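Asks: This is what each chain is made of:
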Amino acid sequence: CNLPRTHNLTVLKQMSRQSPVSCLKDIQYFELPLEKVDAQQIQKSQAISVLETLTQQVLTLFESEESRAAWNETLRLSFCNYLYQQLKDLEACQNQQVGVQEVPLTQEPSWLAVREYFGRITMYLKQKKHSPCAWEVVRVEVGRALIYSDMFLAKLSEEKE
Amino acid sequence: FEEYPDEPCTINLILRHFRLILSWELQSQSSPPTNYTLWYTIMSKAEDLKKVENCIDITEPLCDVTDEWLEGRETYVPIIVVHRGDSTVCRCSDYIWPTNVLLEPPEFKLIGFKDHINVMMEFPPATYKLFGESLWKRLESTSFVIEEQTEDSIRVHKPQMNNVTGNFTYVLRDLLPKTNYCVSVYFDDTPVIKSPLKCTVLQPDQESGLSESAKVGIFIGCLIVMAFVSTVIMLKQIGYICLKDKFPNALNFHHFLTWIFPEWPPSEAIDWLEVIPKNTKKRLWNYDYGDGSDSDEEVPKTSVTGYTMHGLMGKPLPQTSDDSPNPEEPPHEEDSGAEESDEARAGAGAEPQLPTEVKAGPTEDPSGPYERRKSVLKDDSFPGEDNSSMDAPGDRVIFNVNLNSVFLRALHDEDASETISLTEDTVLLDEGPHRTESDLQIAGRDRTQLPDPSFSSQGLWTEDESSEKTDTSDSDTDAGDGYIMR
Numbered sequence: 459c460n461l462p463r464t465h466n467l468t469v470l471k472q473m474s475r476q477s478p479v480s481c482l483k484d485i486q487y488f489e490l491p492l493e494k495v496d497a498q499q500i501q502k503s504q505a506i507s508v509l510e511t512l513t514q515q516v517l518t519l520f521e522s523e524e525s526r527a528a529w530n531e532t533l534r535l536s537f538c539n540y541l542y543q544q545l546k547d548l549e550a551c552q553n554q555q556v557g558v559q560e561v562p563l564t565q566e567p568s569w570l571a572v573r574e575y576f577g578r579i580t581m582y583l584k585q586k587k588h589s590p591c592a593w594e595v596v597r598v599e600v601g602r603a604l605i606y607s608d609m610f611l612a613k614l615s616e617e618k619e
Numbered sequence: 029f030e031e032y033p034d035e036p037c038t039i040n041l042i043l044r045h046f047r048l049i050l051s052w053e054l055q056s057q058s059s060p061p062t063n064y065t066l067w068y069t070i071m072s073k074a075e076d077l078k079k080v081e082n083c084i085d086i087t088e089p090l091c092d093v094t095d096e097w098l099e100g101r102e103t104y105v106p107i108i109v110v111h112r113g114d115s116t117v118c119r120c121s122d123y124i125w126p127t128n129v130l131l132e133p134p135e136f137k138l139i140g141f142k143d144h145i146n147v148m149m150e151f152p153p154a155t156y157k158l159f160g161e162s163l164w165k166r167l168e169s170t171s172f173v174i175e176e177q178t179e180d181s182i183r184v185h186k187p188q189m190n191n192v193t194g195n196f197t198y199v200l201r202d203l204l205p206k207t208n209y210c211v212s213v214y215f216d217d218t219p220v221i222k223s224p225l226k227c228t229v230l231q232p233d234q235e236s237g238l239s240e241s242a243k244v245g246i247f248i249g250c251l252i253v254m255a256f257v258s259t260v261i262m263l264k265q266i267g268y269i270c271l272k273d274k275f276p277n278a279l280n281f282h283h284f285l286t287w288i289f290p291e292w293p294p295s296e297a298i299d300w301l302e303v304i305p306k307n308t309k310k311r312l313w314n315y316d317y318g319d320g321s322d323s324d325e326e327v328p329k330t331s332v333t334g335y336t337m338h339g340l341m342g343k344p345l346p347q348t349s350d351d352s353p354n355p356e357e358p359p360h361e362e363d364s365g366a367e368e369s370d371e372a373r374a375g376a377g378a379e380p381q382l383p384t385e386v387k388a389g390p391t392e393d394p395s396g397p398y399e400r401r402k403s404v405l406k407d408d409s410f411p412g413e414d415n416s417s418m419d420a421p422g423d424r425v426i427f428n429v430n431l432n433s434v435f436l437r438a439l440h441d442e443d444a445s446e447t448i449s450l451t452e453d454t455v456l457l458d459e460g461p462h463r464t465e466s467d468l469q470i471a472g473r474d475r476t477q478l479p480d481p482s483f484s485s486q487g488l489w490t491e492d493e494s495s496e497k498t499d500t501s502d503s504d505t506d507a508g509d510g511y512i513m514r
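Sequence lines, in order, name chains A and B.
Residue numbers for the first sequence follow the numbering used here, beginning at 459 and rising by one.
Residue numbers for the second sequence follow the numbering used here, beginning at 29 and rising by one.
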């Protein structure tokens, strides 16, 4: 596996267009499933599965038509390319896990829980009618999710060492 | 806060000396602000805004939030209220992820030596607890770099720093003396924040310092050696260490054996003589005349004659002394007369005892003749006069008696030479120094006359004449018999 130990959030940070003060009333708690996970209890195959699902869901969100209208096109494409490369690297790691059984859905965090998390985000955007503050809240939440997933990347790095 | 206008600004979270510092910079060119107040909230919790207690109405554009922002994975929304002198108020805000903190390098010190430099850094005792898991792992995953620079080169060192706490020292080795080295430290992160350069020149003083310690050691060693040598020399001079090769005479033991075992004096030569009575003398006389014709018999005859003549020469000595002008000579003449009378008496007394002794001769010990002489002297009838007269003339009496009543013969040739020497010794002991000289002259004359028989016969006649003048009638008969027989 050729993966960095942490996510590079520079581009995501640069995409900000609204003042946080003006959007304080739109703050929402989305219940990120990674918050409840003990990194020491995660196996390598499970970590890869969660990371793949998370990256795929973020990529889908920022490639939607509503996102194109909300963000600067150059920055959006740069962020999407970063996510696409990350996804390819994760798939390569998964292919190296020959004979590994698929992670059951009952084991937390599972890819199903991650998909449900992003379902709640999509519903929030619809309710807010894809307003600028809503997208700002979502941008910040995505950054937080990627930060939490750094522990999974670290897990892969540890096993690599 | 919705009423305050937004102020364009840049807000950064910085790890400075391992403390979380929120720093901001306003981008407007309006009048400078007078003070700031920091508020914040957390996005995911939808909580009310909080005010940081130690950052109310502050003048510096930074605030220590280490104790406030321990959740590294949360998204913080800081809101900075800016007050200006013209009573205007504005706000500055942004979204902050603690894991995106900027990593400033730690403080460090340089200690230069002759050929190496110690880089000393200070780390907090318990970093993990201060920043939480996520931020701590961020630090662990970031490499720490020490950059070593000279005028024409740069070297990078990446020390292992797992679980580093407290003071940490890294040594830059293989450096050139008298060279200026500059050092910078930083975390290998994006973006990189390097520390200011610190420089040091490896001075000769540092080299001399090492050499000084060596010099001190050498100096101390030299002092010890000098003290030891001086002590040895002093003790040597006193004589406690090196003994003298030449001992005083008192301690010279070369003649030790001689001192313990002194040399014995040379032993005296003793000659044994056979005593023959008169009766036997006649027979021997005839025998002697017959043997006189042979050359072999002349040798012992000559020696015998020499011995007898030497003894007889003792009698003419008073006549020669009369001729000398010394006044002491008359007393000696008187003594010689008395001695002659005593000799005659002693000779008459001894005759009846000789036959018995002669018979026992062959069986007696060699000391027998000496004992007989002693017994004869003791048996004299006049004890008082005999004692006084026998002391001085005792030896002479014995000598003359032998000549008149007995005939002496040497047993061996070697004994004869020894006899001659004994006779000389006796003469020397009896007489004084002046007479000794005269005796030597007489002895010399006798020895010179011995080879010629004619001279010896003339000498005998002369002696007969001198003896007739001094002796009485009785003594003349005895003397004539003795001399005629010869």
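Read the hints as simulated data drawn from the structure, not as lab findings.
Fair warning: there could be bad hints in the mix.
Derived pair list, reagent style BS3-like, types lysine-lysine, alpha-carbon separation capped at 30 Å [to be verified]: (1) LYS222(B) to LYS483(A); (2) LYS471(A) to LYS142(B); (3) LYS587(A) to LYS483(A); (4) LYS483(A) to LYS584(A); (5) LYS206(B) to LYS471(A); (6) LYS137(B) to LYS471(A); (7) LYS586(A) to LYS222(B); (8) LYS79(B) to LYS483(A).
Computed from a predicted model, the values in this text were never measured in an experiment.
Asks: If a hint holds in the structure, say so; if it doesn't, say that too.
Replies: Taking the hints in turn, this is what the structure says about them:
1. LYS222(B) to LYS483(A): 40 Å, violated
2. LYS471(A) to LYS142(B): 50 Å, violated
3. LYS587(A) to LYS483(A): 15 Å, holds
4. LYS483(A) to LYS584(A): Given pair LYS483(A), LYS584(A) holds - Cα atoms ~17 Å apart, limit 30 Å.
5. LYS206(B) to LYS471(A): 49 Å, violated
6. LYS137(B) to LYS471(A): 36 Å, violated
7. LYS586(A) to LYS222(B): 45 Å, violated
8. LYS79(B) to LYS483(A): Answer holds: LYS79(B) to LYS483(A) is near 18 Å, not above 30 Å.
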